[in-house]
Amino acid sequence: MRIAFLASRVRAEEKLLLEAYAARGVDVLRVDPRRIDLRVDSLRGGAEWDDVAVVHDRSISFATSAHLVEALESRGMNCVNTSRVIRTCGDKMRTSLALARAAVPQPHTRVAFSPEQALEILEHELGYPAVIKPTVGSWGRMVARLNDRDAAEAVLEDRAVLGNWTHRTIYLQQLVDKPGRDIRAFVIGEQVIAAIHRHSEHWVTNTARGATTSNCSLSLDLVEIASAAAKAVGGGILAVDLVEDPQQGLLVLEVNHGMEFRNSIEATGVDIAAEMADFVLAQAGMLVGGGVR
Amino acid sequence: MRIAFLASRVRAEEKLLLEAYAARGVDVLRVDPRRIDLRVDSLRGGAEWDDVAVVHDRSISFATSAHLVEALESRGMNCVNTSRVIRTCGDKMRTSLALARAAVPQPHTRVAFSPEQALEILEHELGYPAVIKPTVGSWGRMVARLNDRDAAEAVLEDRAVLGNWTHRTIYLQQLVDKPGRDIRAFVIGEQVIAAIHRHSEHWVTNTARGATTSNCSLSLDLVEIASAAAKAVGGGILAVDLVEDPQQGLLVLEVNHGMEFRNSIEATGVDIAAEMADFVLAQAGMLVGGGVR
Amino acid sequence: MSNCPTCEIAIAVPADAVEGEILACTGCDAELEVIQLDPPSLCLAPEMDEDWGE
Amino acid sequence: MSNCPTCEIAIAVPADAVEGEILACTGCDAELEVIQLDPPSLCLAPEMDEDWGE
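Protein chains in written order, with our numbering: chain A, 1 to 293; chain B, 1001 to 1293; chain C, 2001 to 2054; chain D, 3001 to 3054.
Bound-form chain A, shown alone:
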């Protein structure tokens, strides 16, 4: 038995994960999605997958992740995360709906399907400042702060003219007056294993945009809401991003299905890669009583 590890770009995270599997003596089949020849007209073929007990997806592209994992699941393979989780987390509107269905608190969030309606919502409901986010995308890219109607008109027109059809679903959110930091909680299975604060002078507190990290202690509140958010999107290996709203308390901003964690190991003292590897192996029944079978 072995595991399949899906990754094209090998970031610090993938190296740590491969090291964790090596330390456990696990046989890893590395699969680069750019080199897969995928039959979709049949579920036969692909003998190299026969002895794969579980698939650990670390693809960096949402489309690749969602499509490839669904194809492997169609062949009966056990994948972490599941395609359902990937599709829910990879689309902010679907994440919001999943959180709403589970009554997990989130900022005031509206969706419009036309720039005119988006402006109506901003003018009459959310007010300014507000935030517009692409439904698909990460690292804070194209997350824009709209301080007034002029900014809103400019950004809405940009995306209508320059964007592709995935920008026609316009996701708008209240700007939370956060205290210069947000929280990222790492949830594996049902368990919140660690959390960090991300600090930034900029209103976007993303480490890909220069935010610094420090440990965040696991309060009962945080554990409860982070694990509820993870469960709401389907569970697995997830990073829940939260903000502390002065009035509303902890609110969930998004849930990440392909989380980065290189800066969080030192801050938290938790070996996140090891926890992830053990969870994946446990899914395949390859981890029994703390050792690899």
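None of the hints are false.
Have a look at the derived ranges for each label pair, beta carbon to beta carbon:
1) 1218/B / 102/A: 42 to 48 Å
2) 162/A / 1158/B: 17 to 23 Å
3) 25/A / 1248/B: 42 to 48 Å
4) 2038/C / 1037/B: 19 to 25 Å
5) 3019/D / 158/A: 35 to 41 Å
6) 1158/B / 153/A: 29 to 35 Å
7) 153/A / 2037/C: 25 to 31 Å
8) 3039/D / 271/A: 30 to 36 Å
9) 2044/C / 1037/B: 20 to 26 Å
The following residues of chain C were derived to be distant from chain B, with all beta-carbon distances above 10 Å:
10) 2002
11) 2028
12) 2040
Quick partial rundown of chain D residues pointing at chain B, CB under 8 Å, derived from the structure:
13) 3049
14) 3050
15) 3051
Since the hints were made in silico from the structure, they are not lab data. All figures in this text were calculated on a predicted structure; none of them were measured in a lab. The beta-carbon is built from N, C-alpha and C at its ideal position, and this holds for glycine as well.
Position chains B, C and D relative to chain A; hints supplied.
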């Protein structure tokens, strides 16, 4: 009780459907997605939906359809088609996987996640001529015939440079040597209600591209494969496109969740709009013994 | 009657037209959307998007 | 050793490098991907796509 009818652009099909509902004395709430203010942070709100028994989605945009219907389903509403069906039919790779899981015959189909791998597949497996299709899109747009390696290299580079991230999933198919026509079967619920041939001198036999239509008799084979295809994607109101392969027999090309049918009523003699309206009303328990309740 | 926003020709909006319906301008062939019925009002229909279709 | 495909400076591929790993060129700061280990070979890493991320 009333039904909600989701449509922005009112094509000939939507007019026929609205007339069918009017003829049945059904109270219709017309909803233009461009004017919806959609809360996604909560499932409350929207009193106008309270007495809606069923939603008939005729949105012309895949993203709008999928997002809006999922939001309405989250509020417990019964939608035709379901968001699961929309998402499966709206993405050709997911359609192929659904057909494969149900062992419904389809042309040889491969997916690649890089242009280099796509070229490998074309050179060594599918051969030329072959067909490349965007996973999302309709009316035969950007469905290209690749007669040789030069054509393949050109189109793959175009889409890599000019396309957006949804083009990075490269869907490749054998070109079926069809007899100047294909077949569209209309499936409502479990029932194949009618079928047409679409004739064209062009290898793309799409009425949006000038194909002409004629009635296609419902052979046992056709009924079996079309209803199996509809069931494979989740069922509902669907149009199954098929080709007659000289060797392999009937093959399913795609399943449409928001079908057009204006040219098929006269050709088939079947009142497709009426059949659709009755099906939608039956979903809501609004149609009993042939009359509206 | 209403006027085409492109070529300004007068266009008779049919009595059975509904909001959202697409009319072809008899003057310039532009695709026009009926955005209001009473009084009739037309605007240029939005361009086709990549994810449009059946 | 391998060479940067952009500025041609010699780059030492670390002994523990794996296929798919990203290195920054010491000469021109280009992002390079290790596409082969033995012998080491580098190419320009693909540009970030819109759907990339966590």
